[in-house]
Amino acid sequence: MIDPMANIDPAAPGPDADAAGSDGSQEVFDVHAYRSNFRKMDKVRSFMGIAAGCVAGVCGLTGLSGLVCFLVLHITVNLSLLAFKMNFDLHSYSRESMLSFLLADIQKCAMSFMLFWTLFFGLVYLF
1 MIDPMANIDP
11 AAPGPDADAA
21 GSDGSQEVFD
31 VHAYRSNFRK
41 MDKVRSFMGI
51 AAGCVAGVCG
61 LTGLSGLVCF
71 LVLHITVNLS
81 LLAFKMNFDL
91 HSYSRESMLS
101 FLLADIQKCA
111 MSFMLFWTLF
121 FGLVYLF
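Heads up: the sequence shown at position 56 corresponds to 56 in this note's numbering, and the numbers run straight through without jumps.
Certain hints may be false.
Below, computed lysine-lysine pairings styled on DSS-like, alpha-carbon distance capped at 27 Å [claimed, not checked]:
1) Lys85 x Lys108
2) Lys108 x Lys40
3) Lys85 x Lys40
4) Lys108 x Lys43
5) Lys43 x Lys85
Simulated restraints on C-beta separations [what the hints assert, rightly or not]:
6) Val31 x Leu123: 13 to 21 Å
7) Ala83 x Asp42: 27 to 35 Å
8) Asn37 x Ser65: 27 to 35 Å
9) Leu71 x Leu123: 17 to 25 Å
10) Val44 x Arg95: 18 to 26 Å
11) Leu126 x Phe29: 17 to 25 Å
12) Ser92 x Val44: 15 to 23 Å
13) Leu99 x Arg35: 15 to 23 Å
14) Gly60 x His91: 40 to 48 Å
15) Leu126 x Asp89: 20 to 28 Å
16) Asp30 x Gly122: 41 to 49 Å
17) Phe127 x Asp89: 33 to 41 Å
If you're looking for bench data, these hints aren't it; they were derived computationally from the structure.
A quick note: this is a predicted structure, and the numbers were derived from the prediction, not measured.
C-beta atoms are modelled at their ideal positions from N, C-alpha and C, and glycine is treated no differently.
Full structure from sequences and hints, please.
Here's what the structure looks like:
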């Protein structure tokens, strides 16, 4: 991906020929775009944790079935982001590996999940 604002001519080799790719082009990574994309993905994952906790609580899932529900929904949402927003081209948007992308923010989302899971389970089945 070439950034037009970086004034890099893809036809001419740069001053750093060793840092260039195998075809002679340089890779430009836009940090601001990465941060913006990361914030948007963080919001989607956080909302997923809240919604999944509500679903698990209302469905009355307890124990390992609730944990499995969270893991399945977390990976499904990350695969959906990868499929619909990134067209399965992870390396154009991030420098993460596939595994680290699928398991990103799992601890933070798990905390939101636990909070809303116990809240909705208590509201529906205890009161």
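### Task
Against the earlier hints, flag every one the structure doesn't satisfy and list their numbers going up.
Failing hints, ascending: 6, 7, 11, 15, 17.
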